[in-house]
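Peer 1: Sequence:
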Amino acid sequence: MVQCDKCGTDVDLPFRCNYCGGYFCPQHRLPEFHDCPGFYQERRTSYSGDPGPRPSYDYTYQTRRQRTYFNNIFRFSERELRDLGIGLLLVSSLPLMWFRGLIFDFPLIFVGAVIIFAAAFLLHEMAHKLMAQRYGYWAEFRINQMGLIITLLSFFSPIKLVAPGAVMIAGRMRGDDYGKISLAGPLTNIAQALIFLVLSLAFPNNQSVYYLSNIGLYINSILALFNLLPIGMFDGAKIMRWDWRIWLATALPTFLLYMYSSF
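Under the numbering used here, the letters of the sequence shown match residues 91 to 353, in that order.
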């Protein structure tokens with residue numbers, strides 16, 4: 091939940107003011123009910139006899155974004171923290187099925203694998219959330235039924251996909267904002283995959299580092315590739331609608347990373 095900027099009440103679906111960019115409960119959603127500074131400034135500009143030029147819309151839009159950024163970018167509701175906890179628990183349980191033979195023989199490698207899985211999931215979702223909040227939108231992670239099914243199937247499938255939920259975003263969104271927010275998640279997995287690729291090449295004789303690097307390269311590349319599918323509600327479809335060239339420039343190296351990790 092998000093707190094109302096006027097009275098502090100927790101609300102599940104806050105209203106975002108188009109004038110000042112704040113978030114409010116139903117009681118204070120109208121500009122005149124939360125003493126909106128942007129609203130009154132707009133009225134003074136509209137009805138003033140001053141013939142001078144009005145402020146540009148770009149300037150006003152950037153001001154609202156900046157205000158929302160500082161107030162809300164690191165805000166987490168109790169429900170979001172609960173859903174993130176459930177998601178992390180599910181994702182961290184996947185190595186129990188895949189690497190259960192390592193628990194007693196190589197416990198440090200097993201713990202490393204759990205951390206890699208958790209980071210692949212958490213950094214992906216947080217990138218979506220923080221990018222959306224950076225642009226002034228309400229954004230929170232939520233567990234969803236389809237994501238749970240996909241993740242649970244990974245317990246019994248050789249292909250491991252970690253997608254127990256997704257970041258929900260509210261607000262009137264422009265096309266390029268949607269594309270950039272969608273791109274942020276896969277980019278974190280591509281960055282992690284590249285780091286693990288470098289580690290595997292730099293330490294081929296260190297068995298532990300090499301083994302964990304290959305795990306990290308595989309899980310991050312397949313998670314990025316899965317999310318970049320240009321269909322349905324996947325990130326790839328939103329990026330494709332925004333700019334197909336950016337989708338191609340992202341999907342092609344991701345596919346190559348996945349192919350390399352599979353051999």
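In short, the hints are calculated from the structure, not lab data.
Please note that a few of the clues may not be correct.
Label-pair ranges, simulated between beta-carbon atoms [unchecked claim]:
#, residue 1, residue 2, range
1, N234, D333, 40 to 48 Å
2, R232, R262, 14 to 22 Å
3, D333, M187, 19 to 27 Å
4, M349, L120, 28 to 36 Å
Restricting the straight-line Cα-Cα distance to at most 16 Å, the calculated cross-link-like pairs of lysine to aspartate or glutamate (EDC-like) are [said to hold, decoys possible]:
#, residue 1, residue 2
5, K96, D125
6, K270, D333
7, K96, E170
Don't be surprised by glycine CBs; every beta carbon is placed ideally from N, CA and C.
Peer 1: Would you pick out the hints that fail for this structure and give their numbers low to high?
Peer 2: Failing hints, ascending: 1, 3, 4, 7.
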